[in-house]
Every structure is written in structure tokens, then in C-alpha cells.
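Chain residues, written in single-letter form:
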Amino acid sequence: MSQPTEPEVTAAPQPAQGRVAVRKNRVARTVLWMSLVLVLAIAAYLFWGRDRLPAAEVLQVLGGQKVPGTSFIIMSDRLPRVAVGALAGAGLGISGALFQRWLGNPLASPDVIGVGYGASAAAVLAMITLGYTDWKLNAFALAGGLVVAALIYWLSASGKRTGPRLILAGLAIGAMLQALIQYLLTQAEVNTASDVMHWLTGSLSSSNWNSALVLLITLGALGALLLPFVLRQLKMLELGEDSAAALGVNVPWARVLLVFVAVAMGALPIAITGPLAFVAFLAGPISAALSRGPINIPLAGLTGAALVIVANFFAANLFAETALPVGVITGAFGAPFLIWILVRANSTGNGA
Amino acid sequence: MTATESTTRQTPAGAGPRLPRKLGAFLVLSVLLVLAVAASLLFGARPVSLSTVGDALWHFDANNGDQGVVASRFARTVGALVVGAALGLAGAGLQGLTRNPLADTGILGLNAGSAMSVVLAIAFFGVSSLTGIMMAAFIGAAVVMTLVYLVANVGRDGATPIKLALGGAAMAVGVGAITNAILMVSDSTLDRFRKWQIGSLSSTPIDTFLGAIPMVAIGALILLSTARVSNAVSMGDDTATALGFNLGRARLLGSIGVVILAGTATAVAGPIAFVGLMIPHAVRLLVGSDYRWLMPGSLLAGPVLLLVADTVGRVIAPPSEIQVGVMCAMIGGPLFILMMRSGMKSVSL
Chain Y
1 MSQPTEPEVT AAPQPAQGRV AVRKNRVART VLWMSLVLVL AIAAYLFWGR DRLPAAEVLQ
61 VLGGQKVPGT SFIIMSDRLP RVAVGALAGA GLGISGALFQ RWLGNPLASP DVIGVGYGAS
121 AAAVLAMITL GYTDWKLNAF ALAGGLVVAA LIYWLSASGK RTGPRLILAG LAIGAMLQAL
181 IQYLLTQAEV NTASDVMHWL TGSLSSSNWN SALVLLITLG ALGALLLPFV LRQLKMLELG
241 EDSAAALGVN VPWARVLLVF VAVAMGALPI AITGPLAFVA FLAGPISAAL SRGPINIPLA
301 GLTGAALVIV ANFFAANLFA ETALPVGVIT GAFGAPFLIW ILVRANSTGN GA
Chain L
1 MTATESTTRQ TPAGAGPRLP RKLGAFLVLS VLLVLAVAAS LLFGARPVSL STVGDALWHF
61 DANNGDQGVV ASRFARTVGA LVVGAALGLA GAGLQGLTRN PLADTGILGL NAGSAMSVVL
121 AIAFFGVSSL TGIMMAAFIG AAVVMTLVYL VANVGRDGAT PIKLALGGAA MAVGVGAITN
181 AILMVSDSTL DRFRKWQIGS LSSTPIDTFL GAIPMVAIGA LILLSTARVS NAVSMGDDTA
241 TALGFNLGRA RLLGSIGVVI LAGTATAVAG PIAFVGLMIP HAVRLLVGSD YRWLMPGSLL
301 AGPVLLLVAD TVGRVIAPPS EIQVGVMCAM IGGPLFILMM RSGMKSVSL
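Chains as they are written, first to last, in this note's numbering: chain Y, 1 to 352; chain L, 1 to 349.
There may be inaccurate statements among the hints.
[Claimed, not checked] Beyond 10 Å from chain Y on every Cβ pair, some chain L residues (computed):
#1 R21
#2 G24
#3 V48
#4 G106
#5 G167
#6 G199
#7 G211
#8 L224
#9 A273
#10 R292
#11 G332
[Stated by the list, open to error] Among chain L residues calculated to face chain Y with C-beta under 8 Å, some are:
#12 L35
#13 V151
#14 V154
#15 G236
#16 F274
#17 I322
#18 Q323
#19 G325
#20 G333
#21 F336
#22 M340
Bear in mind the hints are in silico, worked out from the structure with no lab data behind them. Model, not experiment: these values are computed from the prediction. Yeah, the Cβ is synthetic: ideal placement off N, Cα and C, and Gly gets one too.
Construct the entire structure; sequences and hints are all you get.
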């Protein structure tokens with residue numbers, strides 16, 4: 001790792017400035033490491049693993065040439081998967097981190113407070129009772145996430161206790177939606193139920209360039225147009241809502257916009273891949289632990305992308321016979337990871 | 001309502017309403033319980049008369065179809081009583097021991113642990129007996145609870161509510177992913193499991209529920225014995241220790257009680273969400289936050305909720321029925337939100 005300046009050097013004249021510089025340094029270092037992990041995991045998935053392709057042919061395909069067989073595998077399967085996985089992970093990571101930072105609580109990620117279940121329940125409803133499998137399914141999932149978020153927000157938005165109330169209302173709505181999903185599962189034929197289970201686990205197997213493009217455009221538009229604005233307002237909201245109002249922020253609208261961006265960033269990936277367990281929950285805390293600072297939203301997005309891509313490599317190669325859905329990996333391997341973070345944060349005394 | 005002003009952290013001695021009102025609350029709960037049992041026997045897809053219920057109870061005639069209906073309702077009524085009591089009390093016990101208003105067998109991951117363990121037992125070891133499934137459920141719940149507690153306990157301030165909830169949520173998602181993975185590999189397990197997973201009292205023979213009663217009784221006795229410690233804990237761990245309570249031992253004992261109750265309930269009826277979270281909060285509004293009242297109150301109120309939920313689920317869309325797990329969530333969710341909005345200050349995160 002090329003390290004431009006050592007922390008000791010930058011921590012010179014004024015202590016406060018020094019701390020900021022050190023933190024920026026740490027964030028930059030974490031970005032570099034995360035990007036490296038991301039690139040390595042993509043390379044490993046493309047070049048190495050169970051169904052290994054000749055490296056020379058893969059390079060030729062990546063260089064734009066046509067190689068029978070290899071071209072198809074790389075261009076129609078592996079690259080779209082990587083693209084969808086990275087975009088979905090980034091969206092989920094940003095979504096989770098926005099909620100976690102705004103509510104000041106690592107529990108408050110969209111999958112815990114019911115938004116993820118909203119998207120899932122709507123999609124399951126569309127699959128089982130309406131028989132949708134195409135883009136209508138995705139539209140249902142997005143609409144479900146937004147409706148549930150609006151409901152939770154409406155139930156909790158009154159005065160200063162919005163944060164805890166939102167988490168509680170979300171837990172309640174989430175439990176109801178889980179029950180609804182289970183009920184729909186019992187109403188389905190066993191084959192359909194099996195398909196729904198597969199989707200509910202979160203998988204990249206149906207990824208194609210189309211879904212990648214949809215994610216790129218929607219997440220890209222949100223990230224480029226609204227996210228910078230939301231981040232500025234979030235910083236002021238964190239000073240306290242009175243201070244934010246004094247600084248000229250329209251607090252209710254800032255909150256509505258924040259919730260909209262956070263929900264859309266999380267529900268769009270769920271609409272495409274199904275709920276990838278833990279990514280939204282973990283990306284923020286992991287990035288914060290690595291950079292040893294507060295949750296950094298773009299860094300959380302990068303971390304989310306890296307999580308999904310690494311999980312995708314393991315999902316494809318862990319077992320000799322079958323490829324697992326990536327959600328199994330993010331779920332099963334995510335748990336010890338979060339425990340590691342908890343233990344680490346606890347033992348240094350700045351635990352949640 | 002004065003009860004809303006009591007908080008979980010308040011001194012128990014001064015908490016909640018006076019004695020006559022507490023006794024009144026217990027009377028109301030008992031009457032509700034009797035009414036709920038009656039409703040559960042009388043109402044369903046096929047209505048029966050009160051005299052038929054009486055006949056079925058006192059001189060049962062196996063050839064009489066109406067009496068057969070009552071007999072099947074009798075089984076699930078017993079089931080609702082056993083499971084409701086177990087879940088209600090387990091929720092109260094968890095909230096007390098962890099000083100966590102959000103503690104619930106679901107949120108701390110116990111249901112998920114039991115479910116994974118049961119699915120493993122069914123899929124890989126061909127377990128089908130009640131004893132086997134119950135053992136599997138205990139082991140799953142105990143392992144998850146131990147892990148969650150150990151993780152939360154690292155560090156200076158020990159197992160704080162937020163650390164417990166975080167560890168539990170982490171465990172629930174991880175364990176749920178493993179459960180899903182097993183279910184996806186085996187369609188036959190999925191078919192058997194999806195009906196169980198929803199939380200249902202139908203088509204379970206009465207012997208199963210009767211067999212669970214001793215375990216629930218043991219768990220209840222163990223947990224009720226920790227009521228005074230829970231009161232002390234609500235003033236803070238340091239105060240409780242200063243008052244001479246051995247917190248480590250009390251928490252271990254309480255955990256055993258919770259695991260027995262939650263594991264038994266999950267084993268016989270599947271994971272039923274919400275009862276353990278909601279019942280103690282509702283009872284707290286009635287009797288205050290003294291655990292010597294709150295725990296028995298939850299024991300009474302749990303079955304009421306489950307009986308009502310099961311009965312409504314049978315009546316609401318005949319001829320099919322909506323499982324009690326779904327109904328509990330559909331009744332419990334809005335009620336919980338209503339309580340939250342009406343200024344439940346006891347919940348501080």
C-alpha cells in the first residue's frame with residue numbers, strides 16, 4: 001500500500017486539525033484496501049475457481065475479442081453477476097449506513113426496521129398470487145419498500161422521539177410482514193414455494209446486463225443527484241434538529257428526503273436480487289471499524305459492494321457440486337463478522 | 001393513565017398502581033381468559049352450541065360429528081394455553097433479566113435458533129418424535145442465547161440492552177440464512193417445515209400439548225423465582241449487586257427458564273412472534289413494572305392473546321383458516337404501535 005504521509009507527520013500544529021487529517025488518512029487508506037479487495041475478488045471470480053477458464057482466453061474476452069464459449073460465460077453470466085452484485089451491494093451499504101447514521105443506532109438498518117421486509121413481502125405477493133416474474137416483480141418490490149417506509153415514517157414522525165419510535169414501529173411492521181410472507185408461503189404450491197425461498201435468500205443467478213443497467217441508472221441517478229444534498233443535510237441534522245433548523249434546514253423535508261433516498265437505495269437492489277442478508281446491516285459498521293471513525297456513507301457503499309462480491313466468489317466455489325445463492329453466504333458468514341465487530345468495539349470501550 | 005408514567009428503570013417499590021388496582025387487573029385478566037377459552041371452544045368454521053360443548057366435555061361420543069369438532073378445538077385450546085403462557089412469561093423474564101424493553105425470544109434470536117436446530121434435526125437426523133424435536137429446540141435456543149450473551153458481555157459495561165439486541169439480531173439473521181439454505185436443498189423438508197414455521201396450533205394432537213405442560217411448568221417456576229432479582233436489576237446492575245443479589249447466578253437461572261419456555265413453545269407450535277414482546281408491555285400498563293406482578297400477569301395474558309388470535313383466525317375466512325402465528329402478528333403489530341404512540345415512555349433505546 002502506498003502511504004503518502006504517516007499519521008504522526010500530519011498531527012502537527014493544531015490538535016483538532018491533526019485529528020481530522022488522521023481520520024481522512026484512515027478513510028483514504030480504507031478506501032484503497034476495500035478497492036483492492038473488490039478488484040481481487042472480481043479477478044478471482046473471473047479467473048479462478050471451480051469452472052476455471054483458461055486465463056489467456058478470459059483476458060482475450062476482457063480485451064474485447066470473441067472466444068467461442070468463454071465469451072458467453074464471461075459476458076453473459078460472470079460479468080453481469082459481478083456488475084449487479086457490486087451495484088446491489090453498494091446500494092444496500094449506502095441505504096443501511098444512512099439509516100444507521102441518521103438514527104444513531106447500528107440496529108437501525110433497513111432490514112431490521114421493516115423496509116427490507118416491505119420490499120420482500122410485496123415481491124412474494126407478486127410472485128405467488130399474481131404470478132409475476134419479470135420487471136413487474138421489481139416494481140412491486142420497490143413500491144412495497146417505499147409504502148412500508150412511508151407507513152413507518154408516518155407512524156413515528158411526531159416530535160423529537162422520531163428515531164426510537166421509527167425503530168420500534170419498524171420492528172413491529174417487520175414482524176407483521178414476516179408473518180405475511182410465511183402465510184403466503186403456506187398458500188403456495190411446493191414448487192412455487194421453493195422458487196420464492198430461493199428469491200428470499202437473495203441470489204445473483206438471474207443477473208443480466210439489463211438488470212445491471214437498471215441498477216446503474218437508478219442508483220446512479222440517486223447517488224449523483226440526491227445523495228450529496230442528503231449528506232449535507234444529514235451532517236446538519238446530526239448537530240441536533242434545532243441547530244439544523246437554525247442553519248436554515250427545513251427539518252421535516254430533510255427527513256422525508258433522507259428516508260426516501262435511504263429506502264430507494266435499499267429497495268432497488270432487493271427488487272433485483274432479493275434480500276441479501278446482512279449487507280445493509282454490516283457495511284456501515286465494518287467500514288467504521290476499519291477506518292476507526294464514524295460511518296462514512298460512500299465508504300459504506302464501497303464496503304457493501306466488496307462484501308457482495310467476496311460472498312459471490314465463495315457462493316460459487318465453496319461446494320464442489322452446487323453453487324449456493326449469494327445470500328446464504330452473506331447471512332452465514334455475516335453473523336460471525338458482526339460479532340467480531342461487536343467484540344472489538346466492546347473491548348476498546350466505544351461499543352454500541 | 002398513570003401506569004404509562006412508570007418506567008422499566010424506575011424503583012420497583014414505587015412503580016405502578018396500588019394493590020387493589022393490581023388485584024383488579026388480575027381479576028380482569030382471569031375473566032378474559034375464561035371468556036377466551038369459551039370462545040375458542042364455541043366458535044370456528046362450524047358453530048356449535050354450548051350444550052354440545054358440555055356434552056363433549058363430560059360424556060364424549062366419538063360418533064357425534066359436532067362433538068368431534070369440539071374435541072379438535074379442545075386440543076388447540078390446550079395448545080394456546082400452554083404456548084401462550086410460555087411465550088408471555090418468557091418475554092417478561094427476558095425483559096427483566098436483560099433490562100431490555102425490546103427483549104423478545106424473537107429479537108434475541110432464540111426462535112431462529114430453535115427453528116434452525118429443528119430443521120437440522122428433521123433434515124439430517126430424521127427426527128420426528130416430540131421429545132426429539134423439543135430437545136433440538138432447547139439446544140438451538142440455548143446455544144444462541146449463550147452466544148448472544150457471551151458476545152454482549154465482552155467489554156467494560158457488560159451485557160447492555162443494545163449490545164444484547166444487536167448480538168441477537170445478528171445471530172437471528174445468520175441462523176436464518178443457514179435454515180434457508182437447508183430448506184432450499186430439500187423440498188420435502190421445506191414442505192413439512194413451512195407449515196410448522198408459521199406457528200400453528202391446528203393438526204397437532206392434544207398429547208403433544210399435554211406433553212409440553214411439565215416442561216412449561218418447570219420453566220415457569222424457575223423464571224418466577226427470579227422476579228425479585230429482575231426488580232433489583234431494573235435499578236441498574238450496580239445497585240442490584242450492592243443489594244446483595246448474585247447477578248451472574250440469577251441471569252444463568254433466568255436464562256435456563258427462558259430457554260425451556262421458548263424452546264418448548266417453539267417445538268410444539270413453531271416460532272410465534274410478538275407474544276413475548278407485546279404481552280409484558282401490555283401487562284405493564286395494567287399492573288406496573290414490579291416483576292412479582294408483571295411475570296404472573298404475563299403468564300395469564302399470553303394465553304388470552306393466543307386464544308383470541310387462534311379463534312379469530314378460524315372464523316375470519318372460512319373454510320380455510322389463518323394460522324395463529326400470522327394472527328398474533330396481525331393483532332400484535334398494530335396494538336404495539338398503538339401503545340408506542342400513546343406515549344409508552346418505558347421504551348428508551
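(message) Checking a non-interface call: every C-beta of chain Y should be farther than 10 Å from the C-beta of V48/L. Is that right?
(response) Non-interface label stands for V48/L: nearest chain Y Cβ at 26 Å, farther than 10 Å.
(message) Let's test the interface hint: is any C-beta of chain Y closer than 8 Å to that of F274/L?
(response) holds, 6 Å
(message) Confirm or reject: G199/L is not an interface residue toward chain Y, with every Cβ-Cβ distance exceeding 10 Å.
(response) Contrary to the label, G199/L does not stay out of reach of chain Y, its closest Cβ about 8 Å off (not over 10 Å).
(request) Closer than 8 Å between Cβ atoms is the bar; does L35/L clear it against chain Y? Give me holds or violated. (result) It is violated, given that the least Cβ distance between L35/L and chain Y is near 25 Å, above 8 Å.
(message) According to the definition I'm using, a residue is off the interface if its beta carbon is farther than 10 Å from all beta carbons of the partner; does A273/L meet that for chain Y?
(response) violated, 5 Å
(request) May I ask you to check that R21/L keeps its beta-carbon over 10 Å from the closest beta-carbon of chain Y? (result) R21/L is indeed farther than 10 Å from all Cβ atoms of chain Y, at 27 Å.
(request) Let me know if the C-beta of G325/L comes in closer than 8 Å to any C-beta of chain Y, holds or violated. (result) Holds. Min distance 6 Å.
(request) Say whether it holds or is violated: G24/L keeps its Cβ farther than 10 Å from all Cβ of chain Y. (result) Non-interface label stands for G24/L: nearest chain Y Cβ at 29 Å, farther than 10 Å.
(message) If I take the minimum Cβ distance from R292/L to any residue of chain Y, is it greater than 10 Å?
(response) Given a closest Cβ separation of 27 Å, the condition holds.
(request) Go through the hint on V154/L and say holds or violated, using the shortest Cβ distance to chain Y against 8 Å. (result) With a minimum Cβ separation of about 4 Å from chain Y (threshold 8 Å), the hint on V154/L holds.
(message) Quick check on V151/L please, does its C-beta sit within 8 Å of some C-beta on chain Y?
(response) holds, 5 Å
(request) For the hint on I322/L, just tell me whether its beta-carbon gets within less than 8 Å of chain Y. (result) holds, 7 Å
In the structure shown, a violation is registered for the earlier hints numbered 4, 5, 6, 9, 11, 12 and 15, in ascending order.
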